[in-house]
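2 protein chains.
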Amino acid sequence: MDRLPKCGANYVPLTPLTFLTRASKCYANRTSIIYGGVRFTWSQTYERCCRLASSLRSLKIVKNDVVSVLAPNIPAMYEMHFAVPMAGAVLNAINTRLDAKNIAVILKHSEAKVFLVDYEYLEIAKKALELLVADFERSKTSEMLMPLVVVIDDINSPTGIRLGELEYEQLVFQGNPNYIPEEITNEWDPITLNYTSGTTSHPKGVVYSHRGAYLSTLSLILGWEMGTEPVYLWSLPMFHCNGWTFPWGIAARGGTNICIRNTTAQEMYTNIVSHNVTHMCCAPIVFNILLEAKPHEYRPITTRVQILTGGAPPPAPLLEKIERLGFHVVHAYGLTEATGPALVCEWQQKWNKLPSENKSKLKARQGVGILTLADVDVKNFKNMQSVPRDGKSIGEICLRGSSIMKGYFKNDKANAEVFKNGWFFTGDVGVIHSDGYLEIKDRSKDVIISGGENISSIEVENAIMRHPNVVEVSVVAMPHFRWGESPCAFVILSKNSEVKEVDIIAHCKSNLPGFMVPKKVKFVEELPKTGTGKVQKHHLRAIAKTFVISEKSNQTNKKTSQVNREKARYYDQNQEHILALSRL
Amino acid sequence: MDRLPKCGANYVPLTPLTFLTRASKCYANRTSIIYGGVRFTWSQTYERCCRLASSLRSLKIVKNDVVSVLAPNIPAMYEMHFAVPMAGAVLNAINTRLDAKNIAVILKHSEAKVFLVDYEYLEIAKKALELLVADFERSKTSEMLMPLVVVIDDINSPTGIRLGELEYEQLVFQGNPNYIPEEITNEWDPITLNYTSGTTSHPKGVVYSHRGAYLSTLSLILGWEMGTEPVYLWSLPMFHCNGWTFPWGIAARGGTNICIRNTTAQEMYTNIVSHNVTHMCCAPIVFNILLEAKPHEYRPITTRVQILTGGAPPPAPLLEKIERLGFHVVHAYGLTEATGPALVCEWQQKWNKLPSENKSKLKARQGVGILTLADVDVKNFKNMQSVPRDGKSIGEICLRGSSIMKGYFKNDKANAEVFKNGWFFTGDVGVIHSDGYLEIKDRSKDVIISGGENISSIEVENAIMRHPNVVEVSVVAMPHFRWGESPCAFVILSKNSEVKEVDIIAHCKSNLPGFMVPKKVKFVEELPKTGTGKVQKHHLRAIAKTFVISEKSNQTNKKTSQVNREKARYYDQNQEHILALSRL
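Chain order of the listed sequences is A and B.
UniProt numbering puts the first residue of the first sequence at 1, with every later residue one more than the last.
UniProt numbering puts the first residue of the second sequence at 1, with every later residue one more than the last.
Quick caveat, the hints were computed from the structure, so don't treat them as lab data.
One or more of the hints may lead you astray.
[Stated by the list, open to error] Taking beta-carbon pairs under 7 Å as the criterion, some of the chain A residues facing chain B (in silico):
| hint | residue |
| --- | --- |
| 1 | Leu4 |
| 2 | Cys7 |
| 3 | Val12 |
| 4 | Cys26 |
| 5 | Ala28 |
| 6 | Val207 |
| 7 | Ala252 |
| 8 | Leu371 |
| 9 | Ala374 |
| 10 | Gly401 |
| 11 | Ser402 |
| 12 | Ile404 |
| 13 | Phe419 |
| 14 | Gly422 |
[Unchecked claim] Restricting the straight-line Cα-Cα distance to at most 20 Å, the calculated cross-link-like pairs of lysine to any residue (SDA-like) are:
| hint | chain 1 | residue 1 | chain 2 | residue 2 |
| --- | --- | --- | --- | --- |
| 15 | A | Lys6 | B | Thr185 |
| 16 | A | Lys413 | B | Lys6 |
| 17 | A | Lys63 | A | Gly88 |
| 18 | A | Lys392 | B | Lys25 |
| 19 | B | Lys413 | A | Glu165 |
| 20 | A | Lys101 | A | Lys127 |
| 21 | B | Lys25 | A | Asp375 |
| 22 | A | Lys6 | B | Asp412 |
| 23 | B | Lys127 | B | Ser157 |
| 24 | A | Lys63 | B | Leu4 |
| 25 | A | Lys353 | B | Arg30 |
| 26 | A | Lys410 | A | Asn64 |
| 27 | A | Lys6 | B | Lys410 |
| 28 | A | Lys126 | A | Glu165 |
| 29 | B | Lys6 | A | Trp188 |
| 30 | A | Lys420 | B | Lys6 |
| 31 | B | Lys25 | A | Lys353 |
| 32 | A | Lys350 | B | His275 |
| 33 | B | Lys445 | B | Val471 |
| 34 | A | Lys363 | A | Glu323 |
| 35 | B | Lys60 | B | Met144 |
| 36 | B | Lys321 | B | Thr264 |
| 37 | B | Lys113 | A | Trp188 |
| 38 | A | Lys545 | A | His480 |
| 39 | A | Lys6 | B | Trp188 |
| 40 | A | Lys25 | B | Asp377 |
Quantities reported herein were computed from a predicted structural model and do not represent experimental measurements.
Think of the CB as a built atom: it goes at the ideal place given N, C-alpha and C, for glycine as much as any other residue.
Based on the provided sequences and hints, a complete structural model is requested.
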């Protein structure tokens, strides 16, 4: 039985490209994309992708070449998720929030052959290309490898702006509608390349396989219980882990993509109401945009909109407010390396009976592994054993399964760090509750190790947040002469409050074990954040280093502080060009 | 990028066994199985499967050995879908409607090492084993290879009946709860073996891989849009294509299995109402059982029950009647070789506005390929090209994808017949409508080829059904001296109707093209059917051969008929022990 051979009929490599082929046959006349006045059907989308893929081939793109793109959530961005791999190439969608320097680093590292740029991003792209030329000229050893630039003009109202000769719609127009897509013979072949850095200084290129993308896509439809014919609003950038796989997922479900250029309140509400949007993904920061809409931007929602959110656990009051507007939130946790969400907080019917506060608490947990993960575990840092399911014992969250990335591109060192003993180590710290649901307590690098005890910075933050005058808080490690590290809190107070450092420390003493109480509380006006609203703790850590508590603190403090402040300034400047990517 | 290596963290063989491991962790305390007074949780089910698997190993079961089981939808049958592959073995669930002779043929062909038998089926199992002994004694060349028998006593009320020493609960009890399941290192390894024969005389052993079973399971949850926490009634035998993958699917969804021994109206209604059943699968014949419930058996359904049905397209009036009771029907099409349903008639929102008759007509179509099929096509018999999407041009339905079987066990000839040019040929004949939905017109062997024209027997049947006095009809080919074949209709008339053969033929002439009009109409009291309610056309064909229309019909008809009638009788007897399995 084990010797029955594979053949073309019973063993077909898994690839999300089949979802588009299938959609073009099963949902041919259904609307695939709406973007302002532009509408396509699934058969048109398939044909446009064939045309574009054939044009890419005619631009000398071959198997495993990288095609980079810098664009918002426009139809071209959606189409490239299919057209680029249909040409046998690898899609690299670049974060539009990056600066020219980082874009240049990515273009160089990925060895991009073609670089498609939305007309609104041409200035920054030009600068990135200039930096790339300069870089090639400096390092005379390497051959100059400049990507071919293609401008993506606005499809609704073309501007005529160009950079070189090539334009996206022209490529589509000139392409062969009967192009036969490059056959995927090995499902382990790369399909996309996504750069992430989190909080380290070198961008890492995360490679997805066709197999991984396929399985993740199925898992997320399943985990979110997305039925057929969804109307999906593109409020999550497609450059974030390929839009958490939903470019492929909407094709699989025969849904309609509502593309928007900007996630403004007005664009979102207008599209939600005009097209009866059923689903959208976003970071919790988008909740604020929706909640803070001005009267002329807001439109009441008549049908329930499902939101899948991740990146940071949505605080309970925010959850309640957004759900009151007609949104229904599902919370997920993931990272670029796991092809987007890896855990989904699957709702349980019995929880419906609980008071609202308990519900929000349960919903803010990260949940259970998606179906296509083979396993999820939380491992003790010391012995790598599973922690007990007590909701208390912390450890590193580890994943394994075919939806985990192939690895980091040209970075064996980073691969060796994250792939160990058959597991992918996320660098996130969490607990498992008795019901099997995971809850993240921290990033492993954010854990404060004080006298050998692990302190979850999030736990300290939660305690401080309970102080009535605290609006926002972030806790990081600062050096301590005795304990190695101790917690340091950066706090934003409510307006006109007269709270002092000692008050916060006293509040902590009555809410936390002694070793968890911050040794230093710094009041600030603002916290440094990424584009998706995550606090950039590395900035705070750099500042916290200047607060070092040494044995001879009193005597030498001034001088030490001076030196450390300079160090911190240097560090900050250095960090400016660090990719401000959130983990998701 | 293509050279990034696979490792244990990012490439894990696909197997539905992970669904149980995951359920035991994520849904540990949820109810997994209810059977009368017996209830298990997912952690208990996992532990019981570990115990059973370890006991199977201690019975000398090794990798790829076959474990056969003859049992209704009891907890043991469910558990074996996990426990047998967890021991590295291959599950062979035998149709309980078979006779001893066929069971013996299967036990021999599969080389079963262990044979688990529900206490109610011990008599027939004993006979099968006797036949097997006799067979081994006759063919002295082959080594006698008798399976070890394990009795499955009733878990609710044990009877004490035994056949040999081994009993199922005893094996579970004695097993090791900490057994580490046999690692699946190759997803192409076999997981189950299902015998089917359709209408041919030799049972064929269809082998599923772990990969195929895994992907089909995901597809069916997706195609049916089954959410989390389903309550699933086992009204479809698990021996039919492994219950259309739902033993694995319910674990994936963290649902509850409601096991029942018999699909009587009373057992079904009682369980549906007591446990708030949300989902069930069945052949349309079960609709009749539900509709014909006596008052004391019937209980009103308060929540909507989703039914997935297949095997035969449910007639419109039946659909309407069953939906009026609170059931919601989704129609699928599949075959054992495709791991159950391969097409699902995905409902489209716009159809909700149509009149009921049109809705039923749309729902009776077989639909679109499930997500994990790479492609579905209808191919012209002559040139193997895709037929036009016109709802008229008929061809053979072909499938390809990783959820198609590995192949038939020890049957290269049959494999060569069905696997051709990278496609699996279903033997079913259909059309593609302009919206991409497939509709089956016939089994390819049921197509009547008259003067070079293909006649769909179903099309002729539909025309005859429109005659007001016809209750049921089946059309097959009969030999014709000029046309090769011509249609012959077997008709059941309504009571006391005085319709004659000429009336039916006249009715056909005004409803069908001339070449499709039956040359012979035979009135009968009953049509021969399989256990799932499909007409056994091979029986009718044997009879139709006696109606041969020759050039010298009048002169020789009597004699020819006499000879042919004898042939038909012989054929019938021969067919009696043919597996009366439906395609699904």
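Query raised in the report: Of the hints given before, which are not true for this structure?
Result: Of the numbered hints, 19, 23, 31, 33, 37 do not hold.
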